[in-house]
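One line per chain: the protein sequences are R and F, in this order. Under our numbering, residues 1 to 434 are what the first sequence spells out, in order. Under our numbering, residues 1001 to 1301 are what the second sequence spells out, in order.
Hints in this document: simulated from the structure, not taken from any laboratory. In this text, a Cβ means the ideal position worked out from N, Cα and C, and glycines have one as well. It cannot be assumed that every hint is accurate.
To be verified - Straight-line C-alpha distance at most 16 Å; calculated EDC-like pairs for lysine to aspartate or glutamate:
hint, chain 1, residue 1, chain 2, residue 2
1, R, K97, R, D19
2, F, K1176, F, D1234
3, F, K1176, R, E418
4, F, K1055, R, E250
5, F, K1176, R, D417
6, F, K1199, F, D1262
Claimed, not checked - Only some residues are given here: those of chain R computed to face chain F with a beta carbon under 8 Å:
hint, residue
7, V204
8, M338
9, T423
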Amino acid sequence: MTAEAKAPAFNSDAYLDMDLLRLLTCGSVDDGKSTLIGRLLYDTKSIFEDQLEAATQASISRGDENVNLALITDGLRAEREQGITIDVAYRYFATPKRKFIIADCPGHVQYTRNMVTGASTCNVALILVDARNGVIEQTKRHSFIASLLGIPHVVVCVNKMDLVGYAEDRFEEIRKEYQAFAARLEFRDVTFIPLSALGGDNVVHRSEHTPWYQGASLLHHLENVYTAADRDMIDARLPVQWCIRPHSEEHHDYRGYAGQVAGGTFKKGDEVMHLPSGLTTRVASVDVGGEPISVAFPPMSVSVQLEDNLDISRGDMICRPGNQPAQGQDIEAMVVWMNQDALSLGKKYALKHTTREVRCVFKEMKYRLDVNTLHRDESAVALGLNEIGRLSLRTTAPLFYDAYRRNAATGAFIIVDEATNNTVGVGMILGEQA
Amino acid sequence: MNSYRLNHLRALEAEAIHIMREVAACFERPALMFSGGKDSIVMVRLAEKAFRPAKFPFPLLHVDTGHNFEEAITFRDQLVERLGERLVVASVQEAIDKGLATEDAGPEISRNRAQIPTLLNAIEEHRFDALFGGARRDEEKARAKERIFSFRDDFGQWDPKNQRPELWNIYNARIKPGEHIRVFPLSNWTEMDVWQYIKLESIDIPSIYFSHERDVVIRRGLVIPISGFFPPKDGEDVVKKTVRFRTVGDLTTTAGVESPADTLDHIIAEVAAARGSERGARMDDKKSEAAMEDRKKEGYF
Ligand SMILES: Nc1nc2c(ncn2[C@@H]2O[C@H](COP(=O)(O)OP(=O)(O)O)[C@@H](O)[C@H]2O)c(=O)[nH]1
């Protein structure tokens, strides 16, 4: 493709007005995840020639017959040697409609933590299924994690359709099997697409091999998933991150309370409440870079000036008097453990929630969840690496929070071991005793 | 309602501002690594968005190889002047003179490796505990896996097998004395995003990014600028070409591209159609596919 042919799409106003879509890919080893990502990058011309050349060289030295598209997305040396992906890697591609960020997550058993990590920022999960194997244990586990992390949109990619003769029956069978299982999960929408990542069928263009399939190609679907409703536009929340105080003649009295809007909207004149004080005032100005803007909404990073001089610092929350987050020190949450050293009840950990840092103790383990069967083990007393459970905990100072289901930005926290400084676990706050 | 839409550039901007403020709040002595290249210039704009009307709560840090494009140094000084911010220069030449660093061995003069001890020395001297870098995950495979808050031990080393989980927009900023972190606010930006943002925000960049006439030699298919540091080798013909540069690295290791692109729109069109990735124009990466990973483990940016 020549420069002239491609340039207009990228130069047009449409390009400047693209959406950002973050998606997660998961599947078990050999389902074709790397091939699919390689295919998306390749077909959207997101791979540069020298990167392709490096993959070609690597393919030749491995003795592969064709250029192995999977090698384009393969990462660090250790992984190259083992031939597997072991961590989350991020990939980027764009079409004139959207810019995509792919969190590429590993498929094998011991890496729940990586998938949870990748899933935390995504709007869409691509779940790969090998058409020959259908829904397997790992499909269920990946789906459950996607649901736990609140990913609203799921695409079940039934891959390797070429190996089952592009049979509609087989596709339908897998769809029914998946739907039966996913009925227990909380997805906003689930879409099924028959694919061959290797051959490119239904990846970018609809395939002639599947005339019975009436839906969109994967890329077309990703370009059009409706994500505007994924944000919480109702509950105004601004966790205070930083105070802008110029200490200069010109801006002597300037105080900007800066942060990333976690929910709802803020504009000049709005009546707002400060937590923990409970005092109310009005927004005098909403600024970016010291210049006023008309309205702030998630996920914008802004600062607000207030009409009254309140004592506000990092970790506080600005909300509306008529719509406040829950506040308290006793929290109930789903916790995913990410460290070799098991979670211990009674031990003190550091906890970071929005911009607020406190300490906490886990009081009680309600149950541990088996991610394969969704069975709740109420006799469990510990949470080991890659395990998920429901726990209650108490914090040293109140948190201003919402249920994770309602607002991930004010419902999520991380747990840090104070001795090692490692992030050892993460939590998603449950609502009013669900 | 369409007015509540944030396009991808503004979404990336919001993420980067959040990251910068988080670092300012959680660390005592951050610094912003300023190379004079477009990525660090974009970081400076993001810092303005994050902290104005106040001053930045950190200085800019330039690891100066001494092998600079003159245009880039002039640009740096004018920018610092206009911003009224502090600039700390860590000189590779001084580090070499003090015996802290040595010139890279090999047929090509390069101070790429010498930057590592120079930087680590500056970190120690100024007790920096967090450094903003302009690296992007789309640049290179090893970077695709790096965290936004990337933890370094007291030798400045990165351990790709032992990275902290990083979820949502909640960053773990805890370190022990002597350790520091590298922070990459542009992690999720692509080269195209950076160019588009420069256009959207009308950001000034050094003139070498735009095509101009320059004395070069063609070496192993690469367009190499000729200078006092980097004279032609025996038998090489110096020719005048219309070139531009896609990165402002060390003058001696940065190859140009022959290009007529002399405006942002032309550059954007060229990037859209590009068939060589940006790092392909850095000769030192050609040495081996795993070269970047090795250097990163040692404390390269
Ligand atoms: N026949 C067929 N083979 C495929 C398809 N997708 C991937 N493969 C092959 O399946 C194997 C595993 O693919 P890979 O992408 O490495 O899987 P990953 O482990 O999920 O990343 C490779 O040999 C691929 O060539 C497909 O759609 N059809």
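Status of each hint after checking the structure:
no.	hint	verdict
1	R:K97 to R:D19	7 Å, holds
2	F:K1176 to F:D1234	52 Å, violated
3	F:K1176 to R:E418	11 Å, holds
4	F:K1055 to R:E250	13 Å, holds
5	F:K1176 to R:D417	13 Å, holds
6	F:K1199 to F:D1262	13 Å, holds
7	V204	18 Å, violated
8	M338	5 Å, holds
9	T423	5 Å, holds
In terms of the numbered hints stated before, the structure departs from hints 2, 7, listed from lowest to highest.
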